[in-house]
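Residue numbers (our numbering): 1 to 72.
By construction, these hints were calculated from the structure, which means they are not laboratory data.
All residues carry an ideal CB built from backbone N, CA and C; glycine is no exception.
Hints are supplied without guarantee of correctness; some may be wrong.
Distance windows between CB atoms, simulated [to be verified]: (1) Phe-14 - Asp-39: 16 to 22 Å; (2) Asp-6 - Arg-58: 14 to 20 Å; (3) Phe-18 - Glu-48: 25 to 31 Å; (4) Phe-18 - Ala-56: 27 to 33 Å; (5) Leu-17 - Lys-37: 15 to 21 Å; (6) Leu-2 - Ser-52: 16 to 22 Å; (7) Pro-20 - Thr-62: 15 to 21 Å; (8) Glu-48 - Pro-20: 28 to 34 Å; (9) Ser-54 - Pro-20: 26 to 32 Å; (10) Pro-20 - Lys-53: 26 to 32 Å; (11) Gly-24 - Ser-52: 17 to 23 Å.
Okay, derived cross-link-like pairs now, SDA-like style, lysine to any residue, Cα gap no bigger than 25 Å in a straight line [stated by the list, open to error]: (12) Lys-10 - Arg-30; (13) Lys-10 - Arg-58; (14) Lys-25 - Lys-37; (15) Lys-25 - Asp-39; (16) Lys-53 - Gly-41; (17) Lys-53 - Pro-20; (18) Lys-37 - Ile-50; (19) Lys-25 - Glu-3; (20) Lys-37 - Asp-6; (21) Lys-53 - Ser-21; (22) Lys-25 - Val-43; (23) Lys-53 - Val-63; (24) Lys-53 - Ala-38.
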Amino acid sequence: MLEGIDVFIKDGQFVTLFGPSGCGKTTLLRIVAGFEKADAGEVILSGEVISSKSPAHRPINTVFQSYALFPI
Numbered sequence: 001m002l003e004g005i006d007v008f009i010k011d012g013q014f015v016t017l018f019g020p021s022g023c024g025k026t027t028l029l030r031i032v033a034g035f036e037k038a039d040a041g042e043v044i045l046s047g048e049v050i051s052s053k054s055p056a057h058r059p060i061n062t063v064f065q066s067y068a069l070f071p072i
């Protein structure tokens, strides 16, 4: 369950999501990218509601990296 998420990302900025297994990182990315629908709320990008747009019509990119890139 994702609750109360507000994220403001500047144009061209890279963002990394960290958190324990099962905390909703992938679910959040899938909702923003349009591969899953949120039960409530909206996805807004640059002031435009994109919740109903298909993934092909959202200017969103995601990259999944190996943990080896982030050594502890």
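Each hint, compared with the structure:
1. Phe-14 - Asp-39: 16 to 22 Å: violated, 28 Å
2. Asp-6 - Arg-58: 14 to 20 Å: holds, 18 Å
3. Phe-18 - Glu-48: 25 to 31 Å: At roughly 28 Å between Cβ atoms, Glu-48 and Phe-18 fall inside 25 to 31 Å, so the hint holds.
4. Phe-18 - Ala-56: 27 to 33 Å: holds, 28 Å
5. Leu-17 - Lys-37: 15 to 21 Å: holds, 20 Å
6. Leu-2 - Ser-52: 16 to 22 Å: Hint holds: Cβ distance 18 Å, inside 16 to 22 Å.
7. Pro-20 - Thr-62: 15 to 21 Å: holds, 19 Å
8. Glu-48 - Pro-20: 28 to 34 Å: holds, 32 Å
9. Ser-54 - Pro-20: 26 to 32 Å: Between Ser-54 and Pro-20, where Cβ atoms are some 31 Å apart, the hint holds.
10. Pro-20 - Lys-53: 26 to 32 Å: Between Pro-20 and Lys-53, where Cβ atoms are some 31 Å apart, the hint holds.
11. Gly-24 - Ser-52: 17 to 23 Å: Taking Cβ atoms as reference, Gly-24 and Ser-52 lie about 22 Å apart, which means the hint holds.
12. Lys-10 - Arg-30: holds, 20 Å
13. Lys-10 - Arg-58: holds, 16 Å
14. Lys-25 - Lys-37: Roughly 15 Å separates the two Cα atoms, so the pair holds.
15. Lys-25 - Asp-39: holds, 16 Å
16. Lys-53 - Gly-41: holds, 14 Å
17. Lys-53 - Pro-20: The hint is violated at about 30 Å.
18. Lys-37 - Ile-50: holds, 11 Å
19. Lys-25 - Glu-3: This hinted pair holds, its Cα atoms lying about 12 Å apart.
20. Lys-37 - Asp-6: Status holds; Cα separation ~17 Å.
21. Lys-53 - Ser-21: Given pair Lys-53, Ser-21 is violated - Cα atoms ~28 Å apart, limit 25 Å.
22. Lys-25 - Val-43: Satisfied, since the Cα-Cα distance of roughly 15 Å is no more than 25 Å.
23. Lys-53 - Val-63: Roughly 20 Å separates the two Cα atoms, so the pair holds.
24. Lys-53 - Ala-38: The hint holds at about 13 Å.
Comparing the model with each earlier hint shows violations of hints 1, 17, 21; every other hint is respected.
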